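Participant: Heads up: the protein sequence lines correspond to chains A and B, in order.
With this note's numbering, you'll find the first sequence wraps up at 415, consecutive numbering, no jumps.
With this note's numbering, you'll find the second sequence wraps up at 415, consecutive numbering, no jumps.
By construction, these hints were calculated from the structure, which means they are not laboratory data.
Bear in mind that the values here come from a model prediction, so they are computed numbers and not experimental data.
We put the beta carbon where it would ideally sit given N, CA and C, even for glycine.
Among the hints, erroneous ones may be present.
Claimed, not checked - To give an idea of the chain A side of the interface with chain B (calculated C-beta under 8 Å), a few residues:
id	residue
1	G168
2	A242
3	D244
4	N336
5	R367
6	T369
7	S374
What the hints assert, rightly or not - Keeping only pairs whose Cα atoms sit at most 30 Å apart, straight-line, the calculated BS3-like set for lysine-lysine is:
id	chain 1	residue 1	chain 2	residue 2
8	B	K70	B	K43
9	A	K239	B	K22
10	B	K239	A	K22
11	B	K70	A	K239
12	B	K379	B	K90
13	A	K22	A	K204
14	A	K43	B	K43
15	B	K239	A	K204
16	B	K43	B	K22
17	B	K239	A	K239
18	A	K68	A	K43
Stated by the list, open to error - Derived coverage of chain A by chain B (criterion: at least 3 residues anywhere in the stretch with Cβ under 8 Å from a Cβ of chain B; other residues may be distant):
id	segment
19	234-240
20	248-261
21	338-350
Here is how the chains run, residue by residue.
Number of protein chains: 2
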Amino acid sequence: MKTVSIDDQQNVSTTAGRIFKIIRDHGPLLGTDIVRRTGLAKSTVSAYLERLLAVGLLREEVQESGKRKKLKVAESAGYVVGVMIGQTKVHVALCDLEAEIIDSLEGPIDLLRETPECILGRVVGFARELEQKAGLGPSALFGLGVGLPCPVDYVNGVPVNPPVMPGWDRFPVARFLAQEFTCPVFVDNDVNVMTLAERDKGKVLEHGHRNGSFMLVKAGTGIGAGIVIDGELYRGAKGAAGDIGHIGLDGDSTVCRCGNTGCLEAVAGGRALVARAETAARSGRSPFLAEALERGAVMTPSLLAHGAASGDEECIRFVISSGTYIGDVLAKLVNFFNPEMIIISGGLTCLGERFIASIRESVYRRSTPLATSDLIIKQSSFVESGGMIGAAVLVLDEVFSHQNVGNLMRDHEG
Amino acid sequence: MKTVSIDDQQNVSTTAGRIFKIIRDHGPLLGTDIVRRTGLAKSTVSAYLERLLAVGLLREEVQESGKRKKLKVAESAGYVVGVMIGQTKVHVALCDLEAEIIDSLEGPIDLLRETPECILGRVVGFARELEQKAGLGPSALFGLGVGLPCPVDYVNGVPVNPPVMPGWDRFPVARFLAQEFTCPVFVDNDVNVMTLAERDKGKVLEHGHRNGSFMLVKAGTGIGAGIVIDGELYRGAKGAAGDIGHIGLDGDSTVCRCGNTGCLEAVAGGRALVARAETAARSGRSPFLAEALERGAVMTPSLLAHGAASGDEECIRFVISSGTYIGDVLAKLVNFFNPEMIIISGGLTCLGERFIASIRESVYRRSTPLATSDLIIKQSSFVESGGMIGAAVLVLDEVFSHQNVGNLMRDHEG
Chain A
2 MKTVSIDDQQ NVSTTAGRIF KIIRDHGPLL GTDIVRRTGL AKSTVSAYLE RLLAVGLLRE
62 EVQESGKRKK LKVAESAGYV VGVMIGQTKV HVALCDLEAE IIDSLEGPID LLRETPECIL
122 GRVVGFAREL EQKAGLGPSA LFGLGVGLPC PVDYVNGVPV NPPVMPGWDR FPVARFLAQE
182 FTCPVFVDND VNVMTLAERD KGKVLEHGHR NGSFMLVKAG TGIGAGIVID GELYRGAKGA
242 AGDIGHIGLD GDSTVCRCGN TGCLEAVAGG RALVARAETA ARSGRSPFLA EALERGAVMT
302 PSLLAHGAAS GDEECIRFVI SSGTYIGDVL AKLVNFFNPE MIIISGGLTC LGERFIASIR
362 ESVYRRSTPL ATSDLIIKQS SFVESGGMIG AAVLVLDEVF SHQNVGNLMR DHEG
Chain B
2 MKTVSIDDQQ NVSTTAGRIF KIIRDHGPLL GTDIVRRTGL AKSTVSAYLE RLLAVGLLRE
62 EVQESGKRKK LKVAESAGYV VGVMIGQTKV HVALCDLEAE IIDSLEGPID LLRETPECIL
122 GRVVGFAREL EQKAGLGPSA LFGLGVGLPC PVDYVNGVPV NPPVMPGWDR FPVARFLAQE
182 FTCPVFVDND VNVMTLAERD KGKVLEHGHR NGSFMLVKAG TGIGAGIVID GELYRGAKGA
242 AGDIGHIGLD GDSTVCRCGN TGCLEAVAGG RALVARAETA ARSGRSPFLA EALERGAVMT
302 PSLLAHGAAS GDEECIRFVI SSGTYIGDVL AKLVNFFNPE MIIISGGLTC LGERFIASIR
362 ESVYRRSTPL ATSDLIIKQS SFVESGGMIG AAVLVLDEVF SHQNVGNLMR DHEG
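Isolated chain A, as found in the complex:
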């Protein structure tokens, strides 16, 4: 057998990146686990592990005496900043290299009125404050990730046609922040970012489907979905994948703000629920809501949830009908996509278990038996931290890509 010279930089990078990814996805692991998973020679694996340990990207896990030491990501070798921008609040977190939150800050914003410069200026301020509190220098900052509540051109890091954010359309969010921080910046829509949090830190990980296929549904004022296929975020040909809020319900004539009729979010989203609650309050059809209106209460999904919990029949009907509409659409998508899990998140999850159960019931009733045989439908366990964690994961996926790990290793070795 001839021998081939393959000792070049590209191959070293690829192999280092592969080994690092396996440890990131499945660690802590023993060297022998990595030999088994890669099929590489023991000596090769050892040599790479030595280099990754030497540059500080990996560390040995502290073990009880007598046990062999496992390898994991050196989570304190640097940090990333995860940012979630919402309609009324911004959340900024300092995270370690395993996307665990070290510290975070939040502040009120008005996305509909304030300029991008003003809101992103606040983000910069929060990040600087967190860095100082933690005593971390900017050289340890591996990157910054941002989730925005609108469509995003991911490659260029700019919002595209945000429906209700004047001044944000095509504003260079990534470039603006990269100039401040001199680190890589990645911007994606909030649903994709939350999907990554579920994959690496949420129920998807808990159920062992981190490297499988699942969808996260965010049901709030709008309704959208994030899609993961074989462990990787799927954005679609135009970055438009997962836009399930504008899937049409056959025969429904409710007018959506997009101009179409019968869109899922126009029928089952937060705004639709609030409108129906107002009507039911005024007509007195819901005694609970009528009384609340009299007290001057604002109609919200959370008020509906209270009404349903207190036994108000109209409120219960609203909760079930929203879940059923969403479930009917998901049933179609389950037939097509056959995911391992569906995670439900967003403001409407305040509607409680009855809401989730209606979604589940519709999917099981209307999808094929094979596609639902092991399908898990769960509510997200994140409350507010999912966005920040997901934005941190977004950064880590990029800076720890196959190619970059090799480069990081060589940079450190100088």
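Using the hints, position chain B against chain A.
Facilitator: Chain B alone, transformed into the frame defined by chain A:
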């Protein structure tokens, strides 16, 4: 910088496989193209190319004098057999290593009455006959691929719950054929197989989306879809992905043979069309069909197509309504999946351009503008060969996987 020993078999296999795949997907290519695409050192690429040429898996393309020679798959270094089993016909093709048909045979079968042993026996006979005619020995047979008109457990190569094929449920198709041919055998459902033909030899390749994301819709008696994501077939958690024929149309009460109501294929599939044609013929509402019935003609989609072409209004309505129902479902899936292309195939494409136009019109009307901005919807250009070609591609994808190419190379060098 430390040096690392990476001269082990796994890495050689992976790199050989990667280079071979790039040539298979993008070839013919120059050595410098491969250097650019892989980032590998020129000397490394040369060494691998030399080995792949020496064992006969690659060959140099014949060029006009003066031009540098490009590399491509040595398509005649072996062959594969592609088999498509339908309800009434079986097609068997001998293909080269680029899935080009060298020769093919077909014969009538009755899938609903004949045993698997009987039908697969016929497949064996056809394959042997083709081998002999081509003067090829069994040692050059790289593998055999089979498309079946039912759900298939791909990993085990067995049909699962075929609705109308008694005796086939869990019959070990792959094992049966592997014993005959002593080569790897891969079995998948017909829609997935046809999807691979579109990717490597059909309109998807023509439009430059071979490594992108698309779906193939097979509309015939049943309706199903094949899904390709980033150039790879996506089967879903349970192998059930793409089962769009049983997506429910909201509010429709047509009973489907699956027991549910309003399934797409029960409303818009071939059987539904034929039933509606019979009613229209009997009632006289369609003069064209009434006359055909009187002549003793059997109601078929192709008869409806003739009626529509001759201007019969009821026939035109049937054609448009089937296309519109299918398009309405695809519109929902386009919002979710955002593919680059949709290919329409199957028996109902005999309904002609009016049918395709109705599908297209519904998708453009009811999907988001971003998801449809560059979406291409086309009819498949394959008539009968798509299944055989796709079955051959299925085999080639497997035997030319990263790992296998390295093994093949070592076997030949052995």
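Participant: With reference to the structure, classify each hint as holding or not holding.
Facilitator: Right, here's what the structure says about each hint:
1. G168: violated, 20 Å
2. A242: holds, 4 Å
3. D244: Hint on D244 (chain A): holds, closest Cβ of chain B at ~5 Å, below 8 Å.
4. N336: Where the cut-off is 8 Å and the nearest Cβ of chain B is about 5 Å from N336 (chain A), the hint holds.
5. R367: holds, 5 Å
6. T369: holds, 5 Å
7. S374: holds, 6 Å
8. B:K70 <-> B:K43: Distance ~16 Å between K70 (chain B) and K43 (chain B) Cα, so the pair holds.
9. A:K239 <-> B:K22: This hinted pair holds, its Cα atoms lying about 26 Å apart.
10. B:K239 <-> A:K22: Since the Cα atoms of K239 (chain B) and K22 (chain A) sit roughly 26 Å apart, the hinted pair holds (cutoff 30 Å).
11. B:K70 <-> A:K239: violated, 37 Å
12. B:K379 <-> B:K90: Roughly 26 Å between the alpha carbons, so the hint for K379 (chain B) and K90 (chain B) holds.
13. A:K22 <-> A:K204: holds, 21 Å
14. A:K43 <-> B:K43: Judged against 30 Å, a Cα distance of about 27 Å means the pair holds.
15. B:K239 <-> A:K204: Within the cut-off at roughly 20 Å; holds.
16. B:K43 <-> B:K22: Roughly 18 Å between the alpha carbons, so the hint for K43 (chain B) and K22 (chain B) holds.
17. B:K239 <-> A:K239: holds, 28 Å
18. A:K68 <-> A:K43: holds, 19 Å
19. 234-240: holds (count 6)
20. 248-261: It holds, with 8 qualifying residues against the three required.
21. 338-350: holds (count 4)
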